[in-house]
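Peer 1: Quick note, the sequences are listed as chains A and B, same order.
The first sequence maps to residues 1 to 111 in the numbering used here.
The second sequence maps to residues 112 to 226 in the numbering used here.
It should be emphasised that the hints constitute simulated quantities derived from the structure, not laboratory data.
Predicted model, so just to flag it, every value in this text is computed and none were measured.
Some clues are possibly wrong.
[What the hints assert, rightly or not] Simulated pairs of lysine-lysine, BS3-like, Cα-Cα distance not exceeding 30 Å:
{"hint": "1", "chain 1": "A", "residue 1": "69", "chain 2": "B", "residue 2": "124"}
{"hint": "2", "chain 1": "A", "residue 1": "69", "chain 2": "A", "residue 2": "52"}
{"hint": "3", "chain 1": "A", "residue 1": "3", "chain 2": "A", "residue 2": "52"}
{"hint": "4", "chain 1": "B", "residue 1": "168", "chain 2": "B", "residue 2": "124"}
{"hint": "5", "chain 1": "A", "residue 1": "3", "chain 2": "B", "residue 2": "168"}
{"hint": "6", "chain 1": "B", "residue 1": "168", "chain 2": "A", "residue 2": "52"}
{"hint": "7", "chain 1": "A", "residue 1": "3", "chain 2": "A", "residue 2": "69"}
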Amino acid sequence: DAKTTQPPSMDCAEGRAANLPCNHSTISGNEYVYWYRQIHSQGPQYIIHGLKNNETNEMASLIITEDRKSSTLILPHATLRDTAVYYCIVRRYNAGNMLTFGGGTRLMVKP
Amino acid sequence: KAGVTQTPRYLIKTRGQQVTLSCSPISGHRSVSWYQQTPGQGLQFLFEYFSETQRNKGNFPGRFSGRQFSNSRSEMNVSTLELGDSALYLCASSLLSSQMNTEAFFGQGTRLTVV
Numbered sequence: 001d002a003k004t005t006q007p008p009s010m011d012c013a014e015g016r017a018a019n020l021p022c023n024h025s026t027i028s029g030n031e032y033v034y035w036y037r038q039i040h041s042q043g044p045q046y047i048i049h050g051l052k053n054n055e056t057n058e059m060a061s062l063i064i065t066e067d068r069k070s071s072t073l074i075l076p077h078a079t080l081r082d083t084a085v086y087y088c089i090v091r092r093y094n095a096g097n098m099l100t101f102g103g104g105t106r107l108m109v110k111p
Numbered sequence: 112k113a114g115v116t117q118t119p120r121y122l123i124k125t126r127g128q129q130v131t132l133s134c135s136p137i138s139g140h141r142s143v144s145w146y147q148q149t150p151g152q153g154l155q156f157l158f159e160y161f162s163e164t165q166r167n168k169g170n171f172p173g174r175f176s177g178r179q180f181s182n183s184r185s186e187m188n189v190s191t192l193e194l195g196d197s198a199l200y201l202c203a204s205s206l207l208s209s210q211m212n213t214e215a216f217f218g219q220g221t222r223l224t225v226v
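Next up, chain A with everything else stripped away, as it sits in the complex (with noise of 0.2 Å):
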């Protein structure tokens, strides 16, 4: 599976979007993007995953750019709550439930 490169922490205010980029750039032409986040203590947490189209669920959006090297996962209005590590990961559509984990992004949401 290809390889992510994550900013290791972010912040952001309370109520305003929070952008997360991943760096996927050997991704190949079978292998999806997905987004999982571990709120401290926690098992990780499935938040959305894409192939080439942008995505949206209730709880964030996913920007895939047209080479597919990169992508952005979108909370529109971050919350608390939100407070977690996000992971992005590449995997091949029949890489089985085989998930490999980089260091992700430590998200802090401020009040």
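Once you have looked at the hints, place chain B on chain A.
Peer 2: Structure of chain B alone, referenced to chain A:
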């Protein structure tokens, strides 16, 4: 719908002992994966089971083993415990089809401390 259940939540063992951790997946999920999380190494994949067969295995020594039962419940075992095995062990279940993957749902984990 009940989530992924891991038992026990906390465990303290002595070096050299062995330990068995249990994971009950979400009803209908046939894939179960295990992960180890430590401050130094982060989240690392241990192994995945699907329909009682190991599908994938991470880079861990043979002291780490697992199995899956016909009801999809899974156990992992660590023998001859070392201090470095102290970690949060996470289980994830997924509803897989032959065509594509779906998202993995994680349990709360078992916190193992080896003394």
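Peer 1: All the hints need checking, so say for each whether the structure fits it.
Peer 2: Comparing the hints with the structure gives:
Straight-line distance between C-alpha atoms of residue 69 of chain A and residue 124 of chain B comes to about 45 Å, which puts the hinted pair past the 30 Å bound. Under the criterion of a C-alpha separation no larger than 30 Å, the hint pairing residue 69 of chain A with residue 52 of chain A is consistent with the structure, at around 10 Å. Taking the CA atoms of residue 3 of chain A and residue 52 of chain A, the gap is near 17 Å; set against the 30 Å cutoff, the hint holds. Of the pairs offered as hints, the one joining residue 168 of chain B and residue 124 of chain B holds, with about 25 Å between alpha carbons and a cut-off of 30 Å not exceeded.
Distance check on the hinted pair: residue 3 of chain A and residue 168 of chain B sit about 18 Å apart at the alpha-carbon level, within 30 Å; holds. Taking the CA atoms of residue 168 of chain B and residue 52 of chain A, the gap is about 29 Å. The hint holds against a cut of 30 Å. Restraint check for residue 3 of chain A and residue 69 of chain A: satisfied, since their Cα atoms lie roughly 11 Å apart, inside the 30 Å limit.
Figure legend: structure checked against the earlier numbered hints; the only hint not met is number 1.
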